[in-house]
Amino acid sequence: MSETTTTSLSMRKFQKVCDILENYEYNNSKLVPILQEIQEEYRYLPEDIMTFVASSLDVPPAKVFGVATFYAHFALQPKGKYVIKVCDGTACHVRHSSALLDAIQEKLGLSDRKTTTDDLLFTLETVSCLGACGLAPVVVINDDVYGGQTPDSVVIAIENILTKEAHNE
Amino acid sequence: MKSLTIDNRIVSFENERNLLEVIKKTNIELLTFCYHSELSIYGACRLCIVEIDGRGIQTACTTKPEEGMVVHTNTKTLRNIRRTTVELLLSSYNHNCTTCQKNTKCRLQSIAKNLGITNVRFKKSSAIPKPIDLSSYAIQRNPNKCILCGDCVRACNEIQGIGAIDFAYRGANSQVIPAFGNNIASVDCVDCGQCSRVCPTGAIIPRSEIGGVWKELDNPNKVVVAHFAPSVRVAIGEEFGMPSGSIVPGQIVSALRMLGFDKVFDTSFTADLTIVEEANEFIKRKEEGGVFPMFTSCCPAWVKFTEQHYPELHQNLSSCRSPQAMFGSISKKYLPEMLKIDPKNLVVVSIMPCTAKKMEARREEFKTDGMQDNDYVLTTQEFATMIKQCGIQFNTLQPDSFDPPFGHKTGAGVIFGNSGGVTEAALRYIVEKVENKPLERIEFAEVRGEAGIRAASLTIAGEPVKIAVIHGLRNARQVIERIKSGEIHYDFIEVMSCPGGCIGGAGQPVYFKPETRKNRAAGLYNADKMLQQHKSQDNQYIKDLYKDHIGEIGGEEAHKVLHTHFHNRKRIFHEGVSIIDTNTAKLTVSICVGTNCFVNGAQDIMKQMLNYVTEHSLENIVDVKANFCMENCDHGPSVSIGTEVITKANAKKVISELEAQLEQITEMA
Numbered sequence: 075m076s077e078t079t080t081t082s083l084s085m086r087k088f089q090k091v092c093d094i095l096e097n098y099e100y101n102n103s104k105l106v107p108i109l110q111e112i113q114e115e116y117r118y119l120p121e122d123i124m125t126f127v128a129s130s131l132d133v134p135p136a137k138v139f140g141v142a143t144f145y146a147h148f149a150l151q152p153k154g155k156y157v158i159k160v161c162d163g164t165a166c167h168v169r170h171s172s173a174l175l176d177a178i179q180e181k182l183g184l185s186d187r188k189t190t191t192d193d194l195l196f197t198l199e200t201v202s203c204l205g206a207c208g209l210a211p212v213v214v215i216n217d218d219v220y221g222g223q224t225p226d227s228v229v230i231a232i233e234n235i236l237t238k239e240a241h242n243e
Numbered sequence: 004m005k006s007l008t009i010d011n012r013i014v015s016f017e018n019e020r021n022l023l024e025v026i027k028k029t030n031i032e033l034l035t036f037c038y039h040s041e042l043s044i045y046g047a048c049r050l051c052i053v054e055i056d057g058r059g060i061q062t063a064c065t066t067k068p069e070e071g072m073v074v075h076t077n078t079k080t081l082r083n084i085r086r087t088t089v090e091l092l093l094s095s096y097n098h099n100c101t102t103c104q105k106n107t108k109c110r111l112q113s114i115a116k117n118l119g120i121t122n123v124r125f126k127k128s129s130a131i132p133k134p135i136d137l138s139s140y141a142i143q144r145n146p147n148k149c150i151l152c153g154d155c156v157r158a159c160n161e162i163q164g165i166g167a168i169d170f171a172y173r174g175a176n177s178q179v180i181p182a183f184g185n186n187i188a189s190v191d192c193v194d195c196g197q198c199s200r201v202c203p204t205g206a207i208i209p210r211s212e213i214g215g216v217w218k219e220l221d222n223p224n225k226v227v228v229a230h231f232a233p234s235v236r237v238a239i240g241e242e243f244g245m246p247s248g249s250i251v252p253g254q255i256v257s258a259l260r261m262l263g264f265d266k267v268f269d270t271s272f273t274a275d276l277t278i279v280e281e282a283n284e285f286i287k288r289k290e291e292g293g294v295f296p297m298f299t300s301c302c303p304a305w306v307k308f309t310e311q312h313y314p315e316l317h318q319n320l321s322s323c324r325s326p327q328a329m330f331g332s333i334s335k336k337y338l339p340e341m342l343k344i345d346p347k348n349l350v351v352v353s354i355m356p357c358t359a360k361k362m363e364a365r366r367e368e369f370k371t372d373g374m375q376d377n378d379y380v381l382t383t384q385e386f387a388t389m390i391k392q393c394g395i396q397f398n399t400l401q402p403d404s405f406d407p408p409f410g411h412k413t414g415a416g417v418i419f420g421n422s423g424g425v426t427e428a429a430l431r432y433i434v435e436k437v438e439n440k441p442l443e444r445i446e447f448a449e450v451r452g453e454a455g456i457r458a459a460s461l462t463i464a465g466e467p468v469k470i471a472v473i474h475g476l477r478n479a480r481q482v483i484e485r486i487k488s489g490e491i492h493y494d495f496i497e498v499m500s501c502p503g504g505c506i507g508g509a510g511q512p513v514y515f516k517p518e519t520r521k522n523r524a525a526g527l528y529n530a531d532k533m534l535q536q537h538k539s540q541d542n543q544y545i546k547d548l549y550k551d552h553i554g555e556i557g558g559e560e561a562h563k564v565l566h567t568h569f570h571n572r573k574r575i576f577h578e579g580v581s582i583i584d585t586n587t588a589k590l591t592v593s594i595c596v597g598t599n600c601f602v603n604g605a606q607d608i609m610k611q612m613l614n615y616v617t618e619h620s621l622e623n624i625v626d627v628k629a630n631f632c633m634e635n636c637d638h639g640p641s642v643s644i645g646t647e648v649i650t651k652a653n654a655k656k657v658i659s660e661l662e663a664q665l666e667q668i669t670e671m672a
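Quick mapping for you: the protein sequence lines, in order, are chains W and C.
By this note's numbering, the letter at position 35 of the first sequence is numbered 109, and the numbering carries on one by one without gaps.
By this note's numbering, the letter at position 472 of the second sequence is numbered 475, and the numbering carries on one by one without gaps.
It is worth saying that the hints were derived from the structure and are not from the lab.
In this text, a Cβ means the ideal position worked out from N, Cα and C, and glycines have one as well.
The reader is advised that the hints may include incorrect statements.
[What the hints assert, rightly or not] Heads up, incomplete: computed chain C residues facing chain W, CB under 7 Å, no partners named:
#, residue
1, F16
2, I135
3, G164
4, R173
5, F576
6, V580
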């Protein structure tokens with residue numbers, strides 16, 4: 075059963091890539107939005123897919139690689155289902171955002187080098203400013219904003235996600 | 004005429020490209036890394052900064068001259084900034100000048116010297132050294148010496164239209180690398196080496212084979228013969244303080260003898276031979292209604308480019324081997340008998356202006372019994388190094404003469420080194436042969452010149468013949484696309500990859516000024532004038548070679564020894580995208596989505612195949628892959644099912660083959 079699910083998933087993703095390219099009419103000046111949409115599908119940019127994009131758009135693969143590595147938004151390694159962004163801008167920093175980072179790392183067994191959990195559930199990133207300084211320190215998990223966080227409250231937020239995920243399975 | 008002020012002097016200007024070019028007119032040449040008059044303006048190195056009243060500090064290369072502008076090139080602030088910029092480069096750069104191949108030719112070195120930098124105030128970068136890329140026979144990359152000026156990236160894109168290397172990552176992590184950090188041999192590099200020609204440091208340099216050649220010269224049992232290309236004779240003098248364009252074939256012969264070479268021949272001899280074969284091929288195609296345009300095939304980077312990008316043009320390429328390849332072939336075949344030596348003791352060393360010739364010599368078609376016909380290929384630069392290693396005072400050498408029989412050439416074989424030279428040499432043959440009377444004029448000025456794309460129309464025996472001469476693969480692509488769209492037509496097209504042809508090759512002494520290339524070109528046309536004969540068909544030794552060994556021009560032996568064939572060649576080495584990604588597959592369907600197959604309908608086959616697999620719930624049995632090239636480009640789209648390869652495929656064909664194979668699998672089960 076699970077085999078069928080994964081196979082059709084990978085096929086569905088590839089067909090989506092073909093659709094994305096078609097929607098942009100294979101226009102190589104749209105490389106960035108094309109890569110953005112592809113990343114939404116895969117949660118990162120797999121090398122073979124970037125090569126396929128380069129070949130379909132008739133641009134050198136080195137160019138696609140250059141663009142993909144230039145923007146921090148693009149990931150070359152798979153990201154977790156939940157991306158946790160800890161703001162470390164000035165306002166958040168003076169309000170002890172680093173303590174939040176430490177707490178999350180400890181909870182998820184992550185470090186500055188290892189930023190994604192083995193089960194591909196969480197990826198932890200720091201960002202320079204989320205523009206929500208009034209809520210400092212701020213953490214964003216996917217599209218949800220958590221303001222005025224403490225090490226305890228952010229761990230609770232993660233535990234809630236873990237509970238939700240356990241129920242889903 | 005408009006004018007502006009530079010350092011308190013009024014300077015007039017007209018259509019100068021930028022302020023930098025106007026400043027040059029005042030006898031000031033601002034130091035730059037990234038400015039090449041033949042490449043686009045980039046403004047990366049920040050060394051050509053000037054102060055403009057009312058505008059502050061600007062880079063001269065990116066600023067358009069304007070009426071009344073007041074420009075300062077030498078202020079305290081500017082001197083400080085330039086100094087700091089170079090010091091910062093030095094702090095992150097691996098500078099072990101004495102052991103660097105670019106020593107004394109390095110622009111970073113000369114700029115640091117010119118700015119009087121004797122001390123670097125910044126802490127040296129502690130970055131972990133990156134590995135040196137030795138994957139290519141043509142060039143080697145040392146990323147630790149890269150200053151990120153982007154010259155190589157622009158040369159690859161703007162001259163050749165390839166883009167084998169590009170910037171990746173950002174900020175302190177920026178690098179210039181091939182796609183996905185792979186090595187240069189596993190991308191679509193054509194080995195032209197123009198990146199190494201423009202590289203201001205030792206980050207990209209031609210790969211050296213000097214060690215191997217010395218080993219052969221040191222072996223008393225070996226008979227080591229050398230042959231050198233036309234453009235070497237008008238460039239090597241630059242390495243020894245002679246003006247560019249000095250014509251020094253005799254001195255080269257002397258130097259080669261002093262180095263210990265047993266025989267010295269001339270690649271121009273086989274250039275003459277190439278003309279005889281190639282011109283006849285053209286005449287034959289005209290008579291028999293063959294494929295046009297006929298493209299030249301002497302430039303190995305161009306040949307590799309067509310193999311990767313335009314496989315459908317293979318029948319258009321002349322099937323003649325290049326002069327280097329012909330030389331290797333006839334040497335290994337006929338020289339042992341002529342010199343009365345054991346074939347296994349013969350070593351052929353080719354001296355070329357070119358890095359791609361190193362790759363050409365290693366092509367399977369140019370090997371005999373697994374051994375390269377040209378055992379070693381040295382660049383002009385490497386040859387100059389060998390001369391220097393022995394302390395030979397090249398500029399004061401007495402000229403010496405070539406050895407017979409492969410040392411005799413006509414002027415036609417010498418002008419080969421210029422863009423337009425092959426065409427002119429071919430015309431000297433074709434016109435005389437077709438019109439069947441002695442040629443009145445030997446110069447075909449209409450095909451000479453410097454522009455990257457030149458066209459000429461001639462009337463030969465009452466027939467119009469349209470000719471194009473191209474240098475730079477980006478220009479070639481532009482012309483090919485226009486031919487394919489039916490917009491233009493040519494009968495004969497010469498393509499050389501490097502700017503100006505072989506004289507501008509990446510193996511030549513490093514040059515920055517366009518005048519250098521002009522002087523070399525003038526040198527070759529003068530060398531032609533100085534020779535007694537100007538038409539390949541007049542070369543007595545060529546006639547003898549046909550009489551004694553090859554037989555008929557374009558005949559059976561000629562085809563074996565002097566002609567070749569071309570391959571479809573992948574330019575993406577990635578193994579492909581696994582679309583269904585099942586590990587229980589009993590059958591793999593691989594659909595080529597490389598450029599040629601893609602435009603011929605691979606996408607549709609892919610869609611229908613995936614639909615078929617889903618509709619019949621075959622996801623656990625059939626794996627579908629997108630493959631980047633099966634090297635079947637001229638018969639695309641290609642699809643493989645199991646071990647069966649289907650060319651000129653369509654969805655119907657592919658699905659019926661899949662059904663047949665599935666049936667077999669079920670029967671077996």
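Evaluated hints:
1. Look at F16(C): its Cβ only gets to about 35 Å from chain W, farther than 7 Å, so that hint breaks.
2. Interface hint status for I135(C): violated, as the beta-carbon distance to the closest one in chain W is roughly 19 Å, over 7 Å.
3. A cut of 7 Å between beta carbons decides the hint on G164(C): the least distance to chain W is about 9 Å, and the hint is violated.
4. The restraint placing R173(C) at the interface with chain W holds, with a minimum CB-CB distance near 5 Å, inside the 7 Å limit.
5. For F576(C), the interface hint is violated, the least distance from its beta-carbon to any beta-carbon of chain W being 9 Å, above 7 Å.
6. Checking V580(C) against chain W: minimum C-beta separation of about 4 Å stays under 7 Å; hint holds.
Going through the hint list in order, the structure does not satisfy hints 1, 2, 3 and 5.
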